[in-house]
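Peer 1: Here is what each chain is made of, one letter per residue.
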Amino acid sequence: MKDGNPNEAFRSEVAEWCEQNLPAHIKSKVLLRQQLDKQDFVEWMRIQHEKGWLIGHWPVEYGGQGWSKVQRWIYENELYRQGSPWLAPFGITYVGPVIYTFGNDEQKRKWLPPTVDHSIWWAQGYSERGAGSDLANLKTRAVRDGDHYVVTGHKIWTTMAQWADMMFTLVRTDDNAKPQRGISFLLIDLKSPGVSIRPIRTIDLGDDLNEVFLDEVRVPVEHLIGEEGRGWTYAKFLLDNERLISAEVGKAERLIAQLKYFLETVTDGGRPLAQSPSWQARYSDLSFKIIGLRSLCTSMFQELDAGQDPGLSASMLKIASAELLQAISSAHTDALAVSGLTYEDSALKAGANGKAFGPEGGPGALGEYLFGRVYSIWGGASEVQRNILAKAVLDL
Amino acid sequence: MSSTMEFTQEDRQLIQQQVERFFEAEYDMEKCRADIISCPQQAWQNAAEAGILALGQSPDVGGLGGGTCDWGMAMRQIGSTLSALPLLDSAILPARLIDVVVSGARREELLGTICVGTARFAWAHREKRSGNDRQFVESRFDGKAISGTKIYVIDLGNVSDFLVTARDDSGALCLLLVKPDTAGLTSHSYRLPDNRLAGELVFDQVEGELLATGCDQAIEQVLDLAAACAAAESVGAAERLLALTIDYVKTRRQFGQALGDFQVIQHRLVDGYIGLRTTRAIIDQALAALDNREAIAAQLCSAAKAQADKACRVVGETSIQLHGGIGMTDECAAGHYLKRILTNNSRFGTADWHLSRATKESFNEAA
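Here the protein sequences line up with chains A and B, keeping their order.
Oh and the first sequence: position 226 is 570 in the working numbering, straight run, nothing missing.
Oh and the second sequence: position 299 is 288 in the working numbering, straight run, nothing missing.
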């Protein structure tokens, strides 16, 4: 890195700040993949907001720093590299920008401040049972009744809905329009009558995913963002916003550091795995893959800076990022397998004194492997991303 | 070594049908979703009454005859139904080990108790630092008592006797029989990825019955068999999971068509099928070679385990991917099958270890 590279200067400023300000009790939970409370997330969000960086990617007029996409990407990845919890994007990266871009002044005044200070926790109500990667197929209906919409339907895979106050929701307001035209973007108060939330126990025995049932829920028309029937456009705006920064290089770096720890700790016949030539080669292969993903991101951000929008070709970042995280997690499980796998949930709760087995962080790494299957499923499965690339980029 | 009694094709089919019926009758995905799955004593007795525990054992001790391929067939059924019956750890491995290293009346007596289910042994060999190394045993036997720690003892709460390996003062590998309530023996259990229980056993001057000394070669043979049996269990699990996934993609519709109509999805399933069919063929070869005491048996067992670990894991991960969001839930069977496969990955030699074992043989390196 050349001296005076502004990105590098920014990265090291973020790194130094994070080292000093990420609370140790939160970082430790992340590194061991122990259960985090809502309070942990909110505490860390507020520390970032005090510094002015939580919404650094927002325009200055809405309280942000007007960061470029590459800056936001550097910021998030530096935090993740050090063991920051997930910067739950629902408020600050998803609905916030939709509101300040497409909402009216009253909506901006009402929703932006509590979104930023996290006195409102947002959930995202997109997927349905029959509409996963094929979102245009959604069935939840909103029928106008005076100055309300009456919403009935069923949303699924709603992350952290158990903590949420509000859900930004895609609903069908017009059955006769083309599937994508009849969709609107509605903010639903989850404390309203007719809303019920049911946790989904996931493969890693976590319960952060939920089903949200909406039974004739009355939603004031002021909760419609932008125009009726244009919800699909807003959701796509949000996706386009996200695609470039979806590559999780920072997390990959944290996970490969953990792999190194496992290889040094787990012994095979008394010798650490780190001394095995096949493990050394596998480790290097993974570290080259990280270099590959980081280089790809850098290259795309340079294109963007030069005024060429990489557009849909950024889908490849989501594919590559998912495959990289899954490959490192697979290596975790293969290394841990030598010492014997356990999935003891007492080790996954901070403060529990259950006697863990194998190297510290082992059960958490196994949980990450299991839950990490989702990276190639959510937000448009990798198969769908490949179809996008084939059509939009390779022109097939 | 059990004397092999030749079965006709018809006998074999009959036995297989009986074994299938037994495990299918017990099959219940709801059980897999419990926090812990274990095998109560009654289920062990039921297996004995159905003849499952007498499979592969010689008629002179009350066994059904046959050979290791019967064990492979039963292990596939266990994988297919995600049964918690510890057939491998509590019957197959103890039976083979006792058969090889114990002789005379004691051999007949011990093997007989396995066939009828009155004994439920557990194999306590692996240690904290041993990893894949089969001969790395730090537990000591001073001529009177054992001291050391063993891990990965499956379902240890229901065991009648532990079969424990330890080294004596001359460094020879000994096999001992220890009752769970013997003074100085403590244990605690933890959950495996597939919700079965395993435990750590801590021996502090624990007395036991010395069954044999100089068991190094026997341990090699038994662990080759164990690797092939674990491979068979994983293949049974992956075959069932592949079938469930094929059913799912026929019914799940996205973008106006069944998922199974997309060629990219068909190809992934076909690759899974080829991988499993090949693995099963290697396992059959490996088990037959064990029965016939062919020199190539060890290499085939390594090939079977390495291939099974990889092919079954691919099928497990692919199945979750093709189930989409629903594949991420505890409710879906896919995750439970992947977890059984994952657990087996960590037992009786990882794929990487079996590969490097073969590498050493190919290039004449000292192990």
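Hints are computed from structural coordinates only; laboratory data are not their basis.
Hints are not guaranteed to be accurate.
[Stated by the list, open to error] For each label pair, taking beta carbons as the anchor points, the in silico distance ranges come out as:
1. A247/B <-> F581/A: 27 to 35 Å
2. P621/A <-> E38/B: 46 to 54 Å
3. G40/B <-> E667/A: 46 to 54 Å
4. D260/B <-> D653/A: 33 to 41 Å
5. A23/B <-> E450/A: 46 to 54 Å
[What the hints assert, rightly or not] Straight-line alpha carbon distances no greater than 30 Å define the calculated BS3-like cross-link-like pairs of lysine-lysine that follow:
6. K580/A <-> K454/A
7. K522/A <-> K239/B
8. K239/B <-> K20/B
9. K371/A <-> K117/B
10. K239/B <-> K168/B
11. K382/A <-> K633/A
12. K20/B <-> K693/A
13. K239/B <-> K633/A
14. K604/A <-> K239/B
15. K349/B <-> K604/A
16. K735/A <-> K693/A
17. K483/A <-> K522/A
18. K693/A <-> K413/A
19. K522/A <-> K735/A
20. K580/A <-> K483/A
21. K604/A <-> K20/B
22. K117/B <-> K693/A
23. K239/B <-> K735/A
24. K299/B <-> K633/A
25. K452/A <-> K483/A
26. K735/A <-> K483/A
27. K580/A <-> K604/A
28. K454/A <-> K483/A
29. K371/A <-> K580/A
30. K20/B <-> K483/A
All residues carry an ideal CB built from backbone N, CA and C; glycine is no exception.
Peer 1: For each hint, tell me whether it holds in the structure or not.
Peer 2: The hints, checked one at a time:
no. : hint                          : verdict
1   : A247/B <-> F581/A: 27 to 35 Å : holds (32 Å)
2   : P621/A <-> E38/B: 46 to 54 Å  : holds (51 Å)
3   : G40/B <-> E667/A: 46 to 54 Å  : holds (47 Å)
4   : D260/B <-> D653/A: 33 to 41 Å : holds (36 Å)
5   : A23/B <-> E450/A: 46 to 54 Å  : holds (52 Å)
6   : K580/A <-> K454/A             : holds (24 Å)
7   : K522/A <-> K239/B             : holds (27 Å)
8   : K239/B <-> K20/B              : holds (27 Å)
9   : K371/A <-> K117/B             : holds (29 Å)
10  : K239/B <-> K168/B             : violated (52 Å)
11  : K382/A <-> K633/A             : violated (33 Å)
12  : K20/B <-> K693/A              : holds (24 Å)
13  : K239/B <-> K633/A             : violated (35 Å)
14  : K604/A <-> K239/B             : violated (42 Å)
15  : K349/B <-> K604/A             : holds (25 Å)
16  : K735/A <-> K693/A             : violated (45 Å)
17  : K483/A <-> K522/A             : holds (13 Å)
18  : K693/A <-> K413/A             : violated (35 Å)
19  : K522/A <-> K735/A             : holds (21 Å)
20  : K580/A <-> K483/A             : holds (18 Å)
21  : K604/A <-> K20/B              : violated (37 Å)
22  : K117/B <-> K693/A             : holds (24 Å)
23  : K239/B <-> K735/A             : holds (25 Å)
24  : K299/B <-> K633/A             : holds (21 Å)
25  : K452/A <-> K483/A             : holds (28 Å)
26  : K735/A <-> K483/A             : holds (27 Å)
27  : K580/A <-> K604/A             : violated (39 Å)
28  : K454/A <-> K483/A             : holds (29 Å)
29  : K371/A <-> K580/A             : violated (33 Å)
30  : K20/B <-> K483/A              : violated (34 Å)
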